[in-house]
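Asks: Modelling step: build the complete structure from the supplied sequences, incorporating the hints.
2 protein chains.
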Amino acid sequence: MKRTEIASLGEFGLIDHLTKDINLVNQSSRRGVGDDAAVIDNNGKQTLVTTDLLLEGIHFDLIYVPLKHLGYKAAIVNFSDIYAMNGKPKQITVSLGISKRFSVEAIEDLYAGIRLACEIHDVDIVGGDTVSSLTGLTISITCVGVADEQEITYRNGANDTDLICVSGDLGAAYMGLQLLEREKSVYDGKGDFQPDFAGKEYILERQLKPEARKDIVQMLSENGIKPTSMIDISDGLSSDMLHICKQSNVGCRIFEDKIPIDYQTALMAETFNMNVTTAALNGGEDYELLFTVPLTMHSEIENLSGIHLIGHTTKPELGNYLVTRDGQEMELTAQGWDQLSR
Amino acid sequence: MKRTEIASLGEFGLIDHLTKDINLVNQSSRRGVGDDAAVIDNNGKQTLVTTDLLLEGIHFDLIYVPLKHLGYKAAIVNFSDIYAMNGKPKQITVSLGISKRFSVEAIEDLYAGIRLACEIHDVDIVGGDTVSSLTGLTISITCVGVADEQEITYRNGANDTDLICVSGDLGAAYMGLQLLEREKSVYDGKGDFQPDFAGKEYILERQLKPEARKDIVQMLSENGIKPTSMIDISDGLSSDMLHICKQSNVGCRIFEDKIPIDYQTALMAETFNMNVTTAALNGGEDYELLFTVPLTMHSEIENLSGIHLIGHTTKPELGNYLVTRDGQEMELTAQGWDQLSR
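If you read the sequences in order, they're chains A and B. Take 63 as the starting number for the first sequence in my numbering and just add one per residue. Take 63 as the starting number for the second sequence in my numbering and just add one per residue.
Among the clues, some could well be false.
Pairs count within a copy or across copies, as identical chains cannot be separated in the list.
Claimed, not checked - The list that follows gives simulated cross-link-like pairs (lysine to any residue, SDA-like), each with its CA atoms no further than 25 Å apart:
id : residue 1 : residue 2
1  : 271       : 322
2  : 130       : 79
3  : 162       : 120
4  : 130       : 165
In case anyone wonders, no lab produced these hints; they're calculated from the structure.
Replies: So, in structure tokens, the structure goes:
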């Protein structure tokens, strides 16, 4: 029997392979696989559904991630997907696989983080499943949100003359992870070890306690701006921009000098002798919103605080490129966090 | 720091503990934790949401469960929860954690089973998450369904003079599991071993390829019968009946001689020297519907094929008992499949 390794396809390749010939049979199924969330119609009011599966050792390392932070993040990444559809998260289900290693108090901490995220975003925990696990901690959260039909932003709505915008700054969560990994390897079992985190609080928080950009969605709405396409940056600017380009059938130019980078991120990259642009392009876990707006909205966007104009779309045949500080064009590739291809 | 073992609470105890003081903040969150599915309102049309997490080594053993069957079952158990609310399943999201042990072809088989279940029940796959796993196969499916507000059957609607009904027959899936476990231990690595499954197809199919009782929900609807309460039997008749009793604040009497048992189930129990009633009460995984109807519907229910009248509810102070063949009363206890207390 033929055996094809999953690594040969990668995560997105495997999903494409498994779902490519799915035909939606229910009229209410407006959008299926391939966006930040599925869209289900209820007579004009849309239900959004997204889900994330987090596995110990793959997505988190409990040596340096406190359980409360982990719970918070596990909820936030789902809310972020709903915001990326220009919707509002409303309910989640929480499924946990728990090994004997974990006490009731540990799971209380995890749950406290999930509940804190829910309180901040006005989301209800409405169900789930709790089972024992042989190996470690498994967290599967599904989020249900709402949106008006005309407000939803898909990945496929960009036109070839749009502006490309991003909220906040990029690469910090990745540099925070590098810092945590370094301190973990320095620690290496020494009991009295004190990690050196002074002055690096921002990048640590971006890794351990990311936020979902509810505020950006609200601000865009208050300013009458509906993006033509939107996605949240979970895999990295490069990979997520390519999702928009592919689904909208456009090309793009992103200008390296326009990519927003925090001072701590840049400093940490220098310390580690890493290229900070690479961290922003491929690091991921920023949970910022990447979106496109019509060229005519240039001045409206420029006046919004916390939004950065980083490039523009093009006709698809012009390809997807980063324009470097010295004017070179480098093709964008989807490296991201594609664990399945490792 | 205090450490409380999760085993001291068990699955239901842990869920109660974590969720007991959750207040639902969104008006649309009509029903949260504690029923077969959550209920979310969309201006009178209700969205039902349920989710199940299946872990290798806990919920399935790939030595005797073919991947296609596993996929089928993973979808079916979710549909069953929606039917238990008197709803119709419409969409699922499928999240998979996959270790290197699995090939693309293996995951194709799994997916083929999920898709077959979806085709039979007119359900769309609309999303999910696919990640790598260090340890084995993880399957998390969330199902979204619909129901009219007045049609939904909760666990808490039984009155203290209702009839208790169950569809199909019970204990077969459990005896199928016993048979598979025996053949596995007999096999023990012998290459040319042929398991002896002749004449035992029914109990094997009940374990490996259970069905969700869409047909029963349709039949009840066509006959104008709306149960006062309903649940699907996943943990065993005893455990699931107790959920209805607790949430409806009623007691119950279930008559041992009325519990529907298939001939193969009884024969297998005899072979294994097991009590077949215990298999029906505590075995679980039957995915039959257990429901209550008003006493006045006695004749309507008796005329329906595939529905068995197995007892009646009582005032809560009368307790929850099985009336044995020789007229003794034995208290019902929730043994079920409470893996976390093992």
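Asks: Next, verify each hint and record whether it holds.
Replies: Here is how each hint holds up against the structure:
1. 271 - 322: within (19 Å within a copy, 53 Å between copies)
2. 130 - 79: between (36 Å within a copy, 17 Å between copies)
3. 162 - 120: both (19 Å within a copy, 13 Å between copies)
4. 130 - 165: within (14 Å within a copy, 35 Å between copies)
Consistency note: the structure conflicts with none of the earlier hints.
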